[in-house]
Amino acid sequence: GIQVEQSPPDLILQEGANSTLRCNFSDSVNNLQWFHQNPWGQLINLFYIPSGTKQNGRLSATTVATERYSLLYISSSQTTDSGVYFCAVGGSQGNLIFGKGTKLSVKP
Amino acid sequence: GAGVSQSPSNKVTEKGKDVELRCDPISGHTALYWYRQSLGQGLEFLIYFQGNSAPDKSGLPSDRFSAERTGGSVSTLTIQRTQQEDSAVYLCASSLVSGGAGGEQYFGPGTRLTVT
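Same order as they appear, the protein sequences are chains A and B. First residue of the first sequence? That's 743 in this note's numbering, and the numbers climb one at a time after it. First residue of the second sequence? That's 7 in this note's numbering, and the numbers climb one at a time after it.
Certain hints may be false.
With a straight-line cut-off of 27 Å between C-alpha atoms, the simulated DSS-like cross-links for lysine-lysine are [unchecked claim]:
no. : chain 1 : residue 1 : chain 2 : residue 2
1   : B       : K23       : A       : K842
2   : B       : K23       : B       : K63
3   : A       : K842      : A       : K796
4   : A       : K845      : A       : K796
5   : B       : K17       : A       : K842
6   : B       : K63       : B       : K17
Because the hints were derived from the structure by calculation, they are not lab data.
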């Protein structure tokens with residue numbers, strides 16, 4: 743099956759810093775999503791991005807499908823950005839296959 | 007509009023008892039998925055429903071797990087004879103587009119199951 747690897751596993755930032763999270767996947771996919779899991783466990787949709795580039799405020803994402811990776815950029819980080827960021831790709835039945843996540847801690 | 011809802015939010019049960027978890031998908035979404043999140047296994051797929059078609063059960067960990075979807079909307083996940091390793095957060099998701107086309111999935115808040 744498809745493998746999804748995220749890096750780094752942990753990231754500590756000072757408030758205001760920028761960061762880049764990476765997601766590598768092992769096969770072609772027709773769905774790729776980035777999520778933020780908040781401290782209460784809710785998965786918040788950030789981007790639906792099987793290819794191309796999207797931006798939403800301080801966050802942006804790029805997926806290069808032909809090279810099987812996606813990047814999530816966080817600029818001017820805030821303490822509320824803390825949590826776990828998941829990349830997930832679509833399996834053959836459309837179910838999502840998740841990476842292990844990047845745990846982000848933003849310090850004031 | 008309303009998002010995906012799940013109930014109960016928390017469930018504590020004794021080993022060997024049966025439990026039922028409920029999911030209400032976003033109105034109009036034809037695809038519904040169950041996942042679970044545990045410390046050791048991360049986020050893993052359990053079962054997928056597309057409309058009124060037979061579900062894809064390929065992710066169910068044992069025959070103690072079953073699920074149904076009534077009228078193409080509400081779904082119930084049932085775990086029989088619960089074991090301690092079933093303790094996890096059970097998440098439901100729905101999408102507008104069928105699974106093969108890769109529709110964006112939206113998740114509910116989850117049910118935290120603890121088996122004592």
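Results of checking the hints against the structure:
| no. | hint | in the structure |
| --- | --- | --- |
| 1 | B:K23 to A:K842 | 31 Å, violated |
| 2 | B:K23 to B:K63 | 22 Å, holds |
| 3 | A:K842 to A:K796 | 23 Å, holds |
| 4 | A:K845 to A:K796 | 22 Å, holds |
| 5 | B:K17 to A:K842 | 25 Å, holds |
| 6 | B:K63 to B:K17 | 23 Å, holds |
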